[in-house]
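The residues making up each chain are set out below.
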Amino acid sequence: MTADERQARLAAFMTERFGVEADPWPDGGPIVPVEQHVALAAALQAELGYTLYVYCVASHWPDETPKGGDLIPEHYEVATGLRSVGAGSHVAMWRVSVPVGAGVPTLADLFAGADWQEREQYDLVGVVFDDHPDLRRLMLPEEWVGHPLRKDYAIETGHLPWR
Amino acid sequence: MNPWLHGALYGVVLLAVLMTIVAWATWFERKFAGRMQSRMGPTIVGWAGLLQPISDAFKLLQKEDIVPARADKTLFNLAPPLTLFFALAVAAVVPFSPGLLASDMDVGVLYILALSGLTVFPIWTAGWASNNKYALLGGMRAVAQGISYEIPLLMAAAVPIVLAGTMSLGGIVEFQVQHGWLIWWPPGPGLFAFIIFLLAALAEGNRIPFDIPEAESELVSGPSTEYTGIKFGLFYLGEYVHTMISGAVMSALFFGGWDGPFAPGLHWMVFKTLFFFVVLLWMRWSLVRYRPDQLMAICWKYLVPASLVVLLWAAVTVVGGPA
Amino acid sequence: MAVKANIDSGRWGDPYLDLSTYTADADLMELNMGPQHPSTHGVFRVVLWLDGETIVKAVPHPGYLHRGVEKLCEKLTYVQITPIVDKNDYVAPMLNEQAVNMAVEQLMGIEVPRRARWLRTLLAELQRVASHLLWLGTFGIDLGGALGGGTSLFMYCFRERELIMDLFEGLTGSRFHYNTHTVGGNRHDVPAGWAEQVKQVLTFIERHIDEYVAVLDHPIFEQRTMNVGVIDAELALGLGLTGPVLRASGVDHDLRRDAPYHAYDEIDFKVPIAHGGDCYARYEVRVAEMRESIRMARDLIDGLPEGPLVGARPIKTPVQVKIKSGQAYVALETPRGELGTYVIAGGDNRNASPYRFKIRPPSLHSVSALPWVLPGHQVSDVVAILGSLDPIMGEVDR
Amino acid sequence: MAVDDPGRSYSHPLFDTLERFPGLDLATTTADKLLNWGARNSLWIFPMATSCCGIEFMASAASRVDFDRMGSFTRATPRQADVMVVAGTITVKMAPRVKRLWDQMPEPKWCVAMGSCAISGDFYRDIYSVIPGIDTVIPVDVYVPGCPPNPEALMAGLLVLQEKIALKTAGLKTVPAGRPETAKMISPRIKRVGHPDRMPEIDAAQCAQAMSLDLTEPPDLLAAFTAAQAAAKAAREAAEAAAADAAAADEKGGEA
Numbered sequence: 001m002t003a004d005e006r007q008a009r010l011a012a013f014m015t016e017r018f019g020v021e022a023d024p025w026p027d028g029g030p031i032v033p034v035e036q037h038v039a040l041a042a043a044l045q046a047e048l049g050y051t052l053y054v055y056c057v058a059s060h061w062p063d064e065t066p067k068g069g070d071l072i073p074e075h076y077e078v079a080t081g082l083r084s085v086g087a088g089s090h091v092a093m094w095r096v097s098v099p100v101g102a103g104v105p106t107l108a109d110l111f112a113g114a115d116w117q118e119r120e121q122y123d124l125v126g127v128v129f130d131d132h133p134d135l136r137r138l139m140l141p142e143e144w145v146g147h148p149l150r151k152d153y154a155i156e157t158g159h160l161p162w163r
Numbered sequence: 001m002n003p004w005l006h007g008a009l010y011g012v013v014l015l016a017v018l019m020t021i022v023a024w025a026t027w028f029e030r031k032f033a034g035r036m037q038s039r040m041g042p043t044i045v046g047w048a049g050l051l052q053p054i055s056d057a058f059k060l061l062q063k064e065d066i067v068p069a070r071a072d073k074t075l076f077n078l079a080p081p082l083t084l085f086f087a088l089a090v091a092a093v094v095p096f097s098p099g100l101l102a103s104d105m106d107v108g109v110l111y112i113l114a115l116s117g118l119t120v121f122p123i124w125t126a127g128w129a130s131n132n133k134y135a136l137l138g139g140m141r142a143v144a145q146g147i148s149y150e151i152p153l154l155m156a157a158a159v160p161i162v163l164a165g166t167m168s169l170g171g172i173v174e175f176q177v178q179h180g181w182l183i184w185w186p187p188g189p190g191l192f193a194f195i196i197f198l199l200a201a202l203a204e205g206n207r208i209p210f211d212i213p214e215a216e217s218e219l220v221s222g223p224s225t226e227y228t229g230i231k232f233g234l235f236y237l238g239e240y241v242h243t244m245i246s247g248a249v250m251s252a253l254f255f256g257g258w259d260g261p262f263a264p265g266l267h268w269m270v271f272k273t274l275f276f277f278v279v280l281l282w283m284r285w286s287l288v289r290y291r292p293d294q295l296m297a298i299c300w301k302y303l304v305p306a307s308l309v310v311l312l313w314a315a316v317t318v319v320g321g322p323a
Numbered sequence: 001m002a003v004k005a006n007i008d009s010g011r012w013g014d015p016y017l018d019l020s021t022y023t024a025d026a027d028l029m030e031l032n033m034g035p036q037h038p039s040t041h042g043v044f045r046v047v048l049w050l051d052g053e054t055i056v057k058a059v060p061h062p063g064y065l066h067r068g069v070e071k072l073c074e075k076l077t078y079v080q081i082t083p084i085v086d087k088n089d090y091v092a093p094m095l096n097e098q099a100v101n102m103a104v105e106q107l108m109g110i111e112v113p114r115r116a117r118w119l120r121t122l123l124a125e126l127q128r129v130a131s132h133l134l135w136l137g138t139f140g141i142d143l144g145g146a147l148g149g150g151t152s153l154f155m156y157c158f159r160e161r162e163l164i165m166d167l168f169e170g171l172t173g174s175r176f177h178y179n180t181h182t183v184g185g186n187r188h189d190v191p192a193g194w195a196e197q198v199k200q201v202l203t204f205i206e207r208h209i210d211e212y213v214a215v216l217d218h219p220i221f222e223q224r225t226m227n228v229g230v231i232d233a234e235l236a237l238g239l240g241l242t243g244p245v246l247r248a249s250g251v252d253h254d255l256r257r258d259a260p261y262h263a264y265d266e267i268d269f270k271v272p273i274a275h276g277g278d279c280y281a282r283y284e285v286r287v288a289e290m291r292e293s294i295r296m297a298r299d300l301i302d303g304l305p306e307g308p309l310v311g312a313r314p315i316k317t318p319v320q321v322k323i324k325s326g327q328a329y330v331a332l333e334t335p336r337g338e339l340g341t342y343v344i345a346g347g348d349n350r351n352a353s354p355y356r357f358k359i360r361p362p363s364l365h366s367v368s369a370l371p372w373v374l375p376g377h378q379v380s381d382v383v384a385i386l387g388s389l390d391p392i393m394g395e396v397d398r
Numbered sequence: 001m002a003v004d005d006p007g008r009s010y011s012h013p014l015f016d017t018l019e020r021f022p023g024l025d026l027a028t029t030t031a032d033k034l035l036n037w038g039a040r041n042s043l044w045i046f047p048m049a050t051s052c053c054g055i056e057f058m059a060s061a062a063s064r065v066d067f068d069r070m071g072s073f074t075r076a077t078p079r080q081a082d083v084m085v086v087a088g089t090i091t092v093k094m095a096p097r098v099k100r101l102w103d104q105m106p107e108p109k110w111c112v113a114m115g116s117c118a119i120s121g122d123f124y125r126d127i128y129s130v131i132p133g134i135d136t137v138i139p140v141d142v143y144v145p146g147c148p149p150n151p152e153a154l155m156a157g158l159l160v161l162q163e164k165i166a167l168k169t170a171g172l173k174t175v176p177a178g179r180p181e182t183a184k185m186i187s188p189r190i191k192r193v194g195h196p197d198r199m200p201e202i203d204a205a206q207c208a209q210a211m212s213l214d215l216t217e218p219p220d221l222l223a224a225f226t227a228a229q230a231a232a233k234a235a236r237e238a239a240e241a242a243a244a245d246a247a248a249a250d251e252k253g254g255e256a
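Protein chains in written order, with my numbering: chain H, 1 to 163; chain S, 1 to 323; chain R, 1 to 398; chain X, 1 to 256.
Derived by calculation from the structure, the hints in this document are not laboratory data. Hints are supplied without guarantee of correctness; some may be wrong.
[To be verified] List of simulated lysine-lysine pairs, DSSO-like, C-alpha gap at most 27 Å:
(1) X:Lys-191 with X:Lys-99
(2) X:Lys-99 with S:Lys-73
(3) R:Lys-324 with H:Lys-151
(4) X:Lys-191 with X:Lys-168
(5) H:Lys-151 with H:Lys-67
(6) H:Lys-67 with R:Lys-322
(7) S:Lys-73 with S:Lys-133
(8) R:Lys-316 with R:Lys-75
(9) R:Lys-75 with H:Lys-67
(10) R:Lys-322 with H:Lys-151
(11) R:Lys-75 with R:Lys-322
(12) S:Lys-133 with X:Lys-99
[Claimed, not checked] Which residues of chain X face chain S? A few of them, derived with a C-beta cut under 7 Å, are:
(13) Gly-38
(14) Ser-63
(15) Ala-153
As the structure is a prediction and not an experimental result, all values here were calculated from the model. All residues carry an ideal CB built from backbone N, CA and C; glycine is no exception.
Whole structure, please, built from the sequences with the hints as guidance.
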């Protein structure tokens, strides 16, 4: 099966099972309700053969008012990617959006690799993952204050007595 | 001559000669390893880097002497000299040519085995006294390894004793001068005993592939991790002396000691000793190391039974065989 | 669910083991390996709980080289990012450059000229050989120690690696961080006589690979690596392991063949796999890959097409590369596995910077296998397993 | 190096004994030359290799460059090393460990900062987690610039270090080199070790954190640091004003 065929099958599957609009299919995958995050990953892993855990990317979006639009409140977006293995390998990607303070359900029960990836995103971006077995900082020291990849974190923040 | 005076004089001379040889043995090892690895080795300090060992010694001499705060100070300071002492003490009974030895004990071989059994104690002491987990692990490994390999070492050393009918090292060499080297004659037990002895001596001397107590890639530097300056230098020296002396013991036990044509006995003995030193170096720079449990398995599963069989073979040979 | 079942059945080690429930014969010993340790391949720390010499639980701590590259990239323009990502996987910088430039090209819809695609493929394969050589050498040190046979292997491997560094220096003027890829093509064209030099070097290395295999072909090496650090296919997939580590677990997956980019769909190559899942299988796969890469590089240098290295509208200033919006995930196969770049466009500098720039490092996933694999092994196996995973800390921590 | 070094800060059984006998001065002066020769020709290296420069460091140990030629090789434990080669970026998480390992090395010891990350932090210098140059933590003797420096450059750096050690016997001053702080480069908040403006509180806090490895930012240090920076700025402005006044007075005097 080629990557295009897989993409078409994925779109059909997600429309059918999770009510995601197949057209237009945005870059980075469609936005899926948070409650369906784990169910979707489990279905993709078990039924469509997306068994390779690829990435988990969280991004921070502060309050923003686009021109002539309404205020988009501060939120986190977590993008997840799973890959099918072998010929015509294809990445199934989708995103979930959560307000600051709310958590994203963890995928660590399905994919062992989600453990560290989610810890890293928690450490750097500040998204909390609910029911994570071991949610600690991964990159920065335990005593660190703040989450550097948030947009309100200054890049040159000092840390006495070292910098 | 008064045996005490003789022993003292000979000891001083032997110490001076041995230390000089060992100092340049480190230079030789670095050159040799360099050549094996398509490098040059030391070239800048002195002609062909010949002054490198002296430079290292002066450097080590002036380094700060650190004793870790929570170390056991007495034992910590005692371990390095003891290492060197036990290694050197073995040299007392090694005959370099007829009559040229500090003391021709009747129980020379037993004395060597007893002392080489003791060599693990300073290592263990160092590991325990350093109050460092890597050193402790190294010390524990050294003890486990030392105790296990003591048995095949002893059994293998018993083969020349049985064949020559004496425990004096000088006597064993004398026997070989008359009857031929033990590794060849009587055929069989000598050769196998030598292989077992070589493996066990490698393990006793903590050389690759059996250098698990030091194991730089796992245990940083093993028992000597916390030692600075000249104390580390003593460890280093002890290791080389031990290697050198085991080469000498091997040539005395199995390769006829000073026996050889054309040249005086001393030359032959030194030549054979250095030859074994090079063989050990060669193995060191071309093999990777075993894991501790595999090391134990080799000893208890293969070497101990094999050494028993070889010893029995030797006994049978003596009673009814060609000797 | 699946993860927990596998832990409970004892197939995988338990990273979440509660030590108070563990009953040892004597007290457990807590051993801290790193962050400065001779064989942690950089600054990496593993805390081990030992029962005797057997590992009960392992807790790795990365992050000692966390340089905030992702935050820095949000401040820089797309063109400026290229030399920054060189320093992530510093053993294969070429592929890092390619990864970020491919992502930008995809977002902007730029077509790369055929010659540039072939040259990129060639550089990627040469870099793969160099990287695997470095891995083989350091793996030797891990097993044989800094004062032993391992060092000899290390020296041989570095001798050959230097030749590839010379090739890159001849092409780009720099030994290490090349900055030779740019959005839409390559900066440096092949100099005169370079192709001949490449062929000579490849012949030389190919001959010497047989020597390394001969050096390692003895029972000690086999005993140290066989059945040590076994990662089964299910764990490897769940952890997101890719590249040689995944292929050593018996999964036939290679982005070069399965999701072709550059010129990989135009050339013919085999993807070596092994089924053991242990350190020896990973060694086998990497050595086979080295041979295959040399063969590919030879084909590539012979078939290098004529033509321009950059497109019709070359990028002259950094601010020319502007992307209003969009997200893209682009991946390629580095010597360590799938290196992905996730870019959310539309950031600072009037859209000339990314809003969020995430690198998906294969090494981080490899290292995350440690707590699952290490329990039950000995202290000595830690260095063998860590070495066989081939992590690069610059990439793990970024 | 050490015998007639009045500033010797460490204990050594041999030298301590020698110093008790004043008549031995002459002998020790001669011996000092020999010891210095030994020290500079046997530089055992402790590689603080963190990133890219670490690979080039390995290349310098390998066949083509091979610093074993001049008697240098690497030791994995700081206790047996003379030179710490800091090769690569040092992060806030790593810095206390570097400091601690440096403190574990026995005197006399030297530090080589290899590569621009270790020298100044390079382009990571403004990032929250990277320290702007290793010389804000430990004193550096030789800087080897490059990103990363070629193996030959590291070799040259070690030769420079040898010359520097030799100068010590000739009675010449060997203070740590000190990175030139040009006008264009923004000087880091924390001054390098030995800089006249460096606050002693910083030293104390770095030592304390190197021992405890607890990286919490000390709140009182932050307040003191801000106050000291303000005071230093005021003093600098006052000095500039005074200089301007003096220049003006000179001008007036010239006119008169």
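Right, here's what the structure says about each hint:
1. At most 27 Å may separate the alpha-carbon atoms for a hinted pair to count; Lys-191 of chain X and Lys-99 of chain X meet this at roughly 16 Å.
2. Pair hint Lys-99 of chain X plus Lys-73 of chain S holds up; C-alpha atoms about 25 Å apart against a cutoff of 27 Å.
3. Between Lys-324 of chain R and Lys-151 of chain H the alpha-carbon distance is near 18 Å, which keeps this suggested pair within the 27 Å criterion.
4. The hinted pair formed by Lys-191 of chain X and Lys-168 of chain X meets the criterion: a straight-line CA distance of about 25 Å does not exceed 27 Å.
5. For the hint pairing Lys-151 of chain H with Lys-67 of chain H, the CA-to-CA distance comes to about 20 Å; that is within 27 Å, so the pair holds.
6. At most 27 Å may separate the alpha-carbon atoms for a hinted pair to count; Lys-67 of chain H and Lys-322 of chain R meet this at roughly 20 Å.
7. Simply put, Lys-73 of chain S and Lys-133 of chain S have alpha-carbon atoms about 17 Å apart, close enough for the 27 Å limit, and the pair holds.
8. The hinted pair formed by Lys-316 of chain R and Lys-75 of chain R meets the criterion: a straight-line CA distance of about 20 Å does not exceed 27 Å.
9. For the suggested pair Lys-75 of chain R and Lys-67 of chain H, the alpha carbons sit about 24 Å apart, so the restraint of at most 27 Å is met.
10. As the CA atoms of Lys-322 of chain R and Lys-151 of chain H are separated by approximately 20 Å, the hinted pair is consistent with the 27 Å bound.
11. As the CA atoms of Lys-75 of chain R and Lys-322 of chain R are separated by approximately 14 Å, the hinted pair is consistent with the 27 Å bound.
12. Of the pairs offered as hints, the one joining Lys-133 of chain S and Lys-99 of chain X holds, with about 21 Å between alpha carbons and a cut-off of 27 Å not exceeded.
13. Interface restraint check for Gly-38 of chain X: the shortest CB-CB distance to chain S comes to about 3 Å, inside 7 Å, so the restraint holds.
14. Annotation: Ser-63 of chain X was flagged as interfacial toward chain S, and the flag holds, the nearest CB pair being 5 Å apart, inside 7 Å.
15. At about 18 Å, the closest approach between the beta carbon of Ala-153 of chain X and any beta carbon in chain S exceeds 7 Å, and the interface hint on this residue is violated.
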